[in-house]
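Residue numbers (the numbering used here), protein chains in the order written: chain W, 102 to 162; chain S, 12 to 325.
Because the hints were derived from the structure by calculation, they are not lab data.
Given the structure is predicted, the values throughout are model-derived calculations rather than measurements.
Every residue, glycine too, gets a C-beta built ideally from N, C-alpha and C.
Take these hints with a grain of salt, some might be off.
Said to hold, decoys possible - Partial selection, computed: residues in chain S whose CB lies under 7 angstroms from chain W:
hint	residue
1	32
2	65
3	69
4	132
5	134
6	285
Unchecked claim - Have a look at the derived ranges for each label pair, beta carbon to beta carbon:
hint	chain 1	residue 1	chain 2	residue 2	range
7	S	150	W	127	23 to 31 angstroms
8	W	120	S	323	30 to 38 angstroms
9	W	120	S	294	42 to 50 angstroms
10	W	145	S	45	34 to 42 angstroms
11	S	32	W	139	21 to 29 angstroms
12	S	322	W	136	29 to 37 angstroms
13	W	118	S	288	42 to 50 angstroms
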Amino acid sequence: MADKNLELVTLTERQRKARRNRSIAIGVALAALVIIFYAATIVRFGHQGASLTSSGLFGGG
Amino acid sequence: MALAEDRLMEEAGFRMSEATAGDFFALLKPRVMSLVVFTAFVGLVAAPVAINPLLAMIAILAIAIGAGASGALNMWYDADIDAVMTRTSSRPVPAGRVTPGEALSFGLVLSALSVMTLGVLINWLSASLLAFTIFFYAVIYTMWLKRWTPQNIVIGGAAGAIPPVIGWAAVTGSVSLESVILFLIIFLWTPPHFWALALFKSDDYARAGIPMMPNVAGQASTRRQIFAYALILAPVGVLPWALGYTTAGYGVVSAILGAGFVWYAWKVLGMSDDDRAMKPAKALFGYSLLYLFAIFAAYLVDCVVGRALIMGGV
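The following block holds chain S by itself, in its conformation from the complex (with noise of 0.2 angstroms):
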């Protein structure tokens, strides 16, 4: 048999892939991808109606593939900036293992199957929900917000806080203030997260020129909003308890997580311009990720005992 010489390939325009099916599971952003399967997970299990454990599973499953759907695409808009940046860099596409062709086509051929999957077996409006977070993330946030507003966290944060709202409408065919409840957790949650990573990454977003608030309005600017959204969402978390969908016990400990986040952001407000080393910015970007699964930890928790006790007769 003869050889072809790569050479000749290359002058016809076509390059034999490397990728792996690793690199192909890497675009799907598995720990974001993990923190949607959580919190989805717990709003199908908080929906007051059962659900056949087989579907709840390809709910989930679904759900999974969707947002992992989005986030290929977003990887595939975002390559030329993920190059420059040092917590992106070694991403599939900038560092060439797949090309943004197959990134585009892998993640549009699994958005319409995780759309198409969860409307036939489930139900259209959690599908119709999936879509429209897939549409959000892709399109508004990474191709328009993101590179246009420090807002860009504030507004796409909407599509990471979906989740659980169609794990809801999964079970419920519905939409209810209890799930909403759990949206605004999860939106209230996402700038302060992002302005902690992007304060001790600002040098990294200058470079590739993504308009986050440090960059735009000054990392004292930044400072101060983390904390005002630190105090907005610590009562928000605590509003289920408040609202009568859950026990106290889930009350006591999302406050104490609540004011747990709100000391963090406190040492963030009080850190100096000239910090470098941005302790308290790390710790908090580390806090409110133990926030964010513990509270919707302690909401499960307290779901599924609520439950039991209810069935145990107590």
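Just chain W, with the same shape it has in the complex (with noise of 0.2 angstroms):
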């Protein structure tokens, strides 16, 4: 009975607010972290990736 009445909670203006508030801040801050790791590999590991293109263990030999 309990489970049934939780289901059905509707949110106050103001919970509906903070959480769409923190919802939006968690996007960003995954958003960030995905560009943060993507630019940080090309960074660090991009030459390696070119080399091991140019000596052909990637086929680009």
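Bring the two chains, given one by one in their own frames, into a single complex with the hints.
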């Protein structure tokens, strides 16, 4: 019975705004993390990938 | 759609969060974090080898997040004493905007994320130092020293002093005497800075039951110790020049800043026990913030200008 009630919860306007605010922040943080790791991988390992390709290990030779 | 009663929610042990992203950001102690970012940046720039600017930015970000995570863990554990101190009662946890569990989870996740990011993308020495800093601040200082000994901020100050060493290690993969001196400057700066605050906030600390130096050893003893630390700090601030790491320009600036610190500490030493306004203590607290920023800024400028002159062939 209690579970049924919980499923039908309606958030107050304040709670709804706070949740939206948190969701946006989490989304931005995750997007930033993806960009950071992608860019850092290119910077750190990009030249190694290029050298592996040119050496033929990954089909570049 | 049916509405569930708040009462039912509370009876079931649930509380819908009203915390905003701003509340979680406040858990990171942004003002402390800004000091960490700046000192870590100086350590990073002072290092004798170059680092890719993007990696440098990521290293600083990871250090900042790690420092912020330790702040969140501190606020989780200290919510009870934060609630009774005027300075901290409006923090997210004691104010009820963030639950202790949320603060704990937030701190742990960011700790792991910052250390792993630094380790994977930069190097594992700097990541290990960051992990040690978080552990030292959250466990050794917050859970143990803070409520146990008046030397809490003397020993605990090591956590706040490590960021320039991490910045240096992020670039070089090592720890050197030069970075250790930057550590020493912050380490020796911490006690007079916090004891000046503790002098005019001693009622707050007493109410919270924290054994800060003025509450345990008395105000006179605290004033003497502040002056003693100032006398040690001033020459240590000049050490980078004395050891040949910087130009005389930094030497002059750091000597003037150090003399100013001693002068403010001297004023505190001369305070009477009846002084309730404690203007000298408040002045020292304000000056100490300026001192740390200025001496690290001077170090940074010296490094940058020195390199520019070398590259210009001057």
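Results of checking the hints against the structure:
Here the hint on residue 32 of chain S is kept, as its CB sits about 3 angstroms from the closest CB of chain W, short of 7 angstroms. Annotation: interface hint on residue 65 of chain S holds; nearest CB of chain W at approximately 5 angstroms, less than 7 angstroms. Given hint, residue 69 of chain S at the interface with chain W, holds; its Cβ is 6 angstroms from that chain's nearest Cβ, closer than 7 angstroms. The interface hint given for residue 132 of chain S holds, since its Cβ lies 5 angstroms from the closest Cβ of chain W, which is under the 7 angstroms cut-off.
Among the interface hints, the one on residue 134 of chain S is violated; its C-beta lies about 11 angstroms from the nearest C-beta in chain W, farther than the 7 angstroms criterion. Proximity of residue 285 of chain S to chain W is violated relative to the hint, the smallest CB-CB distance being about 48 angstroms (cut-off 7 angstroms). Taken as a hint, the range 23 to 31 angstroms holds for the pair residue 150 of chain S and residue 127 of chain W, whose Cβ atoms sit roughly 27 angstroms apart. A beta carbon spacing of about 55 angstroms between residue 120 of chain W and residue 323 of chain S contradicts the range 30 to 38 angstroms that was offered as a hint.
For residue 120 of chain W and residue 294 of chain S, the Cβ-Cβ distance of about 45 angstroms falls inside the hinted range of 42 to 50 angstroms, so the restraint holds. The hinted window of 34 to 42 angstroms between residue 145 of chain W and residue 45 of chain S is violated, with their beta carbons roughly 27 angstroms apart. Evaluation of the 21 to 29 angstroms hint for residue 32 of chain S and residue 139 of chain W yields a pass: the beta carbon distance comes to about 24 angstroms. Between residue 322 of chain S and residue 136 of chain W, the C-beta spacing of about 31 angstroms keeps the proposed range 29 to 37 angstroms intact.
In this structure, residue 118 of chain W and residue 288 of chain S meet the distance hint of 42 to 50 angstroms, their C-beta atoms being roughly 43 angstroms apart.
Hints 5, 6, 8 and 10 from the earlier list are contradicted by this structure; the remaining hints agree with it.
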